Amino acid sequence: MTDITPLRATSEKRQSVRALRLGRRLRLAGLEAADLHQAEAITTSPLILRLGGGGIAALLPYGTVVLIGVSQGEEEAFLQKLGDRVESRLDAPVIVASEISIGTSEGISGDIITIRDLSPARLVAVADALAKNVALAFEEEEVRNVLEALEPIASDLASSGQLPWKRRRMLRTVGHALLTHHRLLERVEVEERPELPNDGETGRLHDRLAEAYHFKKRAKALSRKLDAVEVMMTALTELIDAQRGIRLETMIVLLIMLEISVYLYDLFLRPG
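In case it helps, the numbering used here puts the sequence shown at residues 1225 to 1496.
Among the hints, a few may not be true.
[As the list claims (entries may be wrong)] Here are the simulated SDA-like cross-link-like pairs (lysine to any residue), alpha carbons at most 20 Å apart as the crow flies:
| # | residue 1 | residue 2 |
| --- | --- | --- |
| 1 | LYS1444 | GLU1415 |
| 2 | LYS1449 | ARG1368 |
| 3 | LYS1444 | GLU1425 |
| 4 | LYS1441 | GLU1364 |
| 5 | LYS1237 | SER1329 |
| 6 | LYS1305 | VAL1318 |
| 7 | LYS1305 | SER1322 |
| 8 | LYS1237 | LYS1305 |
[What the hints assert, rightly or not] Label pairs and their calculated CB-CB ranges:
| # | residue 1 | residue 2 | range |
| --- | --- | --- | --- |
| 9 | THR1458 | GLY1297 | 44 to 52 Å |
| 10 | ASP1431 | THR1461 | 36 to 44 Å |
| 11 | GLY1297 | LYS1441 | 36 to 44 Å |
| 12 | LEU1314 | LEU1255 | 13 to 21 Å |
| 13 | MET1475 | LEU1255 | 54 to 62 Å |
| 14 | THR1474 | ALA1445 | 37 to 45 Å |
| 15 | SER1240 | ARG1428 | 23 to 31 Å |
| 16 | GLU1415 | SER1333 | 20 to 28 Å |
| 17 | LEU1478 | ARG1251 | 49 to 57 Å |
| 18 | HIS1438 | LEU1314 | 20 to 28 Å |
| 19 | SER1240 | LEU1314 | 18 to 26 Å |
| 20 | LEU1314 | ALA1452 | 22 to 30 Å |
Please keep in mind that the hints were generated in silico from the structure rather than gathered at the bench.
In this text the structure is predicted, and so the values were computed from the model without any measurement.
Each residue gets a CB set at the ideal place from its N, CA and C atoms; glycine is no exception.
With the hints as constraints, model all of the structure from the sequences given.
Quick look at the structure:
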């Protein structure tokens, strides 16, 4: 059962939070706060910056940025400055929005995270949890898309016992599934804790967030689905290879029959 801490209802200051999965990787080597206009480094591992407008940006190497209290215009400008540091950029970023509330007790209720202050340690705990949450959301969507693409092939195979005739489309689906499976093998280790002070409070805060976002349960479910995708891919590739072998053998038999027919024609039927 998730430990839900009640929120103080009226006078708490709230700030919007957006976790964005931008691509496969975010190259942070050599990136300095000075490279991002009017940004000041709060921590370096992970890299957390205070932006010129007062908002906060956390940059995670697995292609994710967490923005706290950042206006839409400042967000667009900041993401544009990251430029080509985003590797294998997604066509559309995966975004999970929530809120941070400053209060006397710490916990999470729905999409609202309550913390005592915006100290560097708490920022690390919150940014790490939110970044892993959106990373999981991205991976879950990727696996869902692969399973949906493979489902018609599996259904046709189950009902007719044969692979679909649209071979090129099937091969594109298989290729996409293989690529996605390979990409997700480099998954974010969501069960790992970031480096936090030994005061116990920030560690417990991170644990509450990890439990509220069901990191362990979702990671196990994702692993099972990836195993299922791998089994399906292995079976399909073996069937495709077998089908190719049967077609090749059939062509060889037909060529032999054609050669025998020509020989018999020359032997018995050709005039003269």
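Verification of the supplied hints:
{"no.": "1", "hint": "LYS1444 x GLU1415", "verdict": "holds (11 Å)"}
{"no.": "2", "hint": "LYS1449 x ARG1368", "verdict": "holds (9 Å)"}
{"no.": "3", "hint": "LYS1444 x GLU1425", "verdict": "violated (27 Å)"}
{"no.": "4", "hint": "LYS1441 x GLU1364", "verdict": "holds (12 Å)"}
{"no.": "5", "hint": "LYS1237 x SER1329", "verdict": "holds (13 Å)"}
{"no.": "6", "hint": "LYS1305 x VAL1318", "verdict": "holds (19 Å)"}
{"no.": "7", "hint": "LYS1305 x SER1322", "verdict": "violated (24 Å)"}
{"no.": "8", "hint": "LYS1237 x LYS1305", "verdict": "violated (29 Å)"}
{"no.": "9", "hint": "THR1458 x GLY1297: 44 to 52 Å", "verdict": "holds (49 Å)"}
{"no.": "10", "hint": "ASP1431 x THR1461: 36 to 44 Å", "verdict": "holds (42 Å)"}
{"no.": "11", "hint": "GLY1297 x LYS1441: 36 to 44 Å", "verdict": "holds (38 Å)"}
{"no.": "12", "hint": "LEU1314 x LEU1255: 13 to 21 Å", "verdict": "holds (20 Å)"}
{"no.": "13", "hint": "MET1475 x LEU1255: 54 to 62 Å", "verdict": "holds (57 Å)"}
{"no.": "14", "hint": "THR1474 x ALA1445: 37 to 45 Å", "verdict": "holds (43 Å)"}
{"no.": "15", "hint": "SER1240 x ARG1428: 23 to 31 Å", "verdict": "holds (24 Å)"}
{"no.": "16", "hint": "GLU1415 x SER1333: 20 to 28 Å", "verdict": "holds (23 Å)"}
{"no.": "17", "hint": "LEU1478 x ARG1251: 49 to 57 Å", "verdict": "holds (55 Å)"}
{"no.": "18", "hint": "HIS1438 x LEU1314: 20 to 28 Å", "verdict": "holds (23 Å)"}
{"no.": "19", "hint": "SER1240 x LEU1314: 18 to 26 Å", "verdict": "holds (21 Å)"}
{"no.": "20", "hint": "LEU1314 x ALA1452: 22 to 30 Å", "verdict": "holds (24 Å)"}
The structure shown violates the earlier hints numbered 3, 7, 8.
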